[in-house]
Amino acid sequence: MELGQILSSLRRNKAAVALITLQIAVTLAVLCNGLFIIQQQTRLSRSPSGVQDEAGVFIITNQWVGSSSDGAAREQSDLAALRGLPQVEDATVSVDHPLGGAFMGEGITVNPSDPKSGAFTMVYPVDGHAIHTLGLKLIAGRNFRPEEVVVRNGFGQPAASLAGAIVTEAVARQLAPDGKVLGRIATMIPDGTRVPIIGIVERLQSTPLAGDAPLAAQSILLPYLWSDSQIFYIVRAKPGQFASATTAARNALYGISRDRIVIGIQSFAEARRDAYRSARGVALIMGVISAILLSVTAFGIFGLTNYWVSQRTRYIGIRRALGATRGTILRYFQSEILLITVVGSILGVSLALAANFWMLRSIALTRLPPTFLIVGVIGVFALGQLAVLWPALRGSWISPALATRSV
Amino acid sequence: MLGYYFHLAVRSLRRNLALTLLAIAVIGVGTGASMSMLTILRAASGDPIPEKSTQLFTPQIDNFGPQPGAPPQGQDELPTSLTYTDAVALMQARGPVQQAAMYPAKVTIIASGTRELPLQGQALATDSGFFPMFDVPFEYGGAWSRGEDKDHAPVVVLAHAFNDRLFGGANSVGRSLMIDGKQYRIIGVTGTWQPSPHFYDLGINSSYSSVDQLYLPFTRAIDEQLQTSGGLSCDNNGPGKGWSTLLHSNCVWINIWVELPRAGDAAKYKANLRNYAAEQRHQGRVNWPPHVALRDVMRWLDYNHVVPAPVRTLTNVSYAILLVCIFNAAGLLLSKFMTHAASVGVRRALGATRSAIFAQYLMEAGVIGLAGGLIGIGLTKLGLVSCRSALAQDLSVLTRLGSSDMAIAFAMAIAAALVAGLYPTWRATRVPPGLQLKAL
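Taken in sequence, the protein lines are chains R and C.
Mapping of the first sequence onto the numbering used here: residues 1 to 407, in sequence order.
Mapping of the second sequence onto the numbering used here: residues 1 to 440, in sequence order.
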């Protein structure tokens, strides 16, 4: 290779070369971290809720009008009506759902003498229909029996005991490292309610607000109906009857009583879109920013090499006259940019790691995996070669006869 | 002389038109990208009540102490709201010019004769001091009085948009509303007033879009047992059974804001706050040393991490675009200026000083920045429109381009072009006089 020649010509254009190198370095740094953020945010927006077939299950947000002292009885008649609809597979009620924004937090431990033991969890007060309606995967133990479900109205004195708790696998592993907690008696904190663990479900998200923190997988189902002024009916439609099921459900509820506001009906798929809109937005904006950056840098490389080709027209003509082939000229410009990209990449990788280190401290992001560095480096190499292709080709087409003219 | 250079610069734009246009476009793209994100960041971290933000304070008291199992709290281990007991006690303070306790509540509303079905409203239970303290404008009627606070009066103030929705914008003062089954008299309708961020009630997950639709007297809301729709954190004893137990429990759910306009007021208030906390220890309500805080509006927003982390990250990333664009423009200007080397040589030979050449070419860079700024503002608008559809609902209110943002965009574009032009200009001044004449 004509490394000596390339180096000496680059030395004559120190400033321009430095500018392109810096552009490549910054582009690489942003590209690596940008791709990483896109991957993280996309994964976050797809985090499993535990609900099977999210598009087939809908949430009815119901607000009672007036006193809710007999709320539990009203909920029971609503649920009976919903379950009786021909388009409905099953229905249940809760104060929140795995893609909602509220959070009813309580601690649970199987070792109450140790204040540091146990897990902070999201409590879903539900009946025995929750597992079927949501399509949760029960991996051990059993579901609640109808007689185990009790009623608690508004702010009530915590129950001394409940018939059973169903925990997620994540909670089980927090309570005991081997996850074998079936049959153990747990204590709820702060209530002090004592409850045997009767079942373990694979996954049930606590709240999307938890992001990808461990808390997101820490949920407990408890067998009681908590009547609040605002509650959620969760309804699974029969396959293919989603639209008619939502209409029928709304009519059925207003048919029973108009002392309510059906604030909204949406499927879990829609709730997911709302809950993670921000994450998807960040991924999208990051993608656009990366694309802009790549094209600006590509134009920069293109502009500079194009200028160099014009500047060196005579020189290229002379080299061609002295026997250099088109391929030699083409490869000359390609190697020139390759060399610049190598230096830019070394700088860029260090910048990318520094930026990642800074982001680790500012937003909760894990360390940049080397894959992204490799992808980024391949990206800028491809970018450099793509951008130089036209100017280099143009250079290779310069006729040897040019050398004979005195410009 | 500068006017002449400006004239020269504008004429020179036409030379190497392709390079000039590229440089303008590059500066425009850099400015547009950074300004889109910076506008959102500025709005997100903006001052919701600029005239008064340094005079408004919110107190915090450590109610939970160093107990195991206490709910998650702020970074200094203080709960972000107060118990009912403390809120009522602190409202007896005499220092503040205005003060108000407040908590949000979701209520059901039936406006007689307007709609068949009841609807849901977001209410704020607060005191009469709220309105003068936050300079809330009124379209019809006015706020309730301190007397009505004391009388637990069933009165309600509607927010402008909610009055539009219920009564089509008509003067509804004097009409009545059923709120959670009880009759209230409308005594005022506010003008358009929507501080962003919604600093006095930050909500659980939306600090920007939360909107109050109606305001009720705090005392009345407590009588009517309106539950908070905001956060409710309790210590190991829980909320207990029933409403009065909740009021006397150690659960936090109420915030207080106080107006302390004079310099020493805040320190005095904080000392009183500490005394109050110490007194609670003497009375045996708590058994840990007093731990209190008093933050003004901006410190409160900062303390609550109101600006979403992704907005900060994206803004920093967009600065990287600007940086790359500056490097890029510098390369372009270098090529452009160096093709003028001959004319620089002539001017130098005719007696122009280096500083004259410097001023002339920097002016040219500045003109490119000016043109880039125009493109940048256009791209910023485009960027904000795209961000509006991409971001969460509660952030979309932040995508408004104000005149100060436009001024910043211009300044940013010109500064970027000048920085980019610095080295190429310096190179131009190094062209030796007369040397180029030979080649001509």
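Derived by calculation from the structure, the hints in this document are not laboratory data.
Predicted model only: the values in this text are computed from it and were never measured.
Errors might be hidden in some of the hints.
Facing chain C, according to a computed beta carbon distance under 8 Å, are these residues of chain R, among others [as the list claims (entries may be wrong)]:
1. Ile185
2. Gln230
3. Ile265
4. Met286
5. Gly303
6. Gly323
Think of the CB as a built atom: it goes at the ideal place given N, C-alpha and C, for glycine as much as any other residue.
So, going through the hints one by one against the coordinates:
1. For Ile185 of chain R, the suggested interface contact is broken, since its CB lies about 18 Å from the closest CB of chain C, more than 8 Å.
2. Taking 8 Å as the C-beta contact cut-off toward chain C, the hint placing Gln230 of chain R at the interface holds, the least distance being around 6 Å.
3. Of the supplied interface hints, the one on Ile265 of chain R is violated, with its beta-carbon coming no nearer than about 14 Å to a beta-carbon of chain C, more than 8 Å.
4. Interface hint at Met286 of chain R: satisfied, since its Cβ lies 7 Å from the closest Cβ of chain C, which is below the 8 Å cut-off.
5. Hint on Gly303 of chain R holds. Least Cβ distance to chain C is approximately 6 Å, under the 8 Å limit.
6. Annotation: Gly323 of chain R was flagged as interfacial toward chain C, and the flag is violated, the nearest CB pair being 29 Å apart, outside 8 Å.
Taken one by one, the earlier hints fail for this structure at numbers 1, 3 and 6, listed in ascending order.
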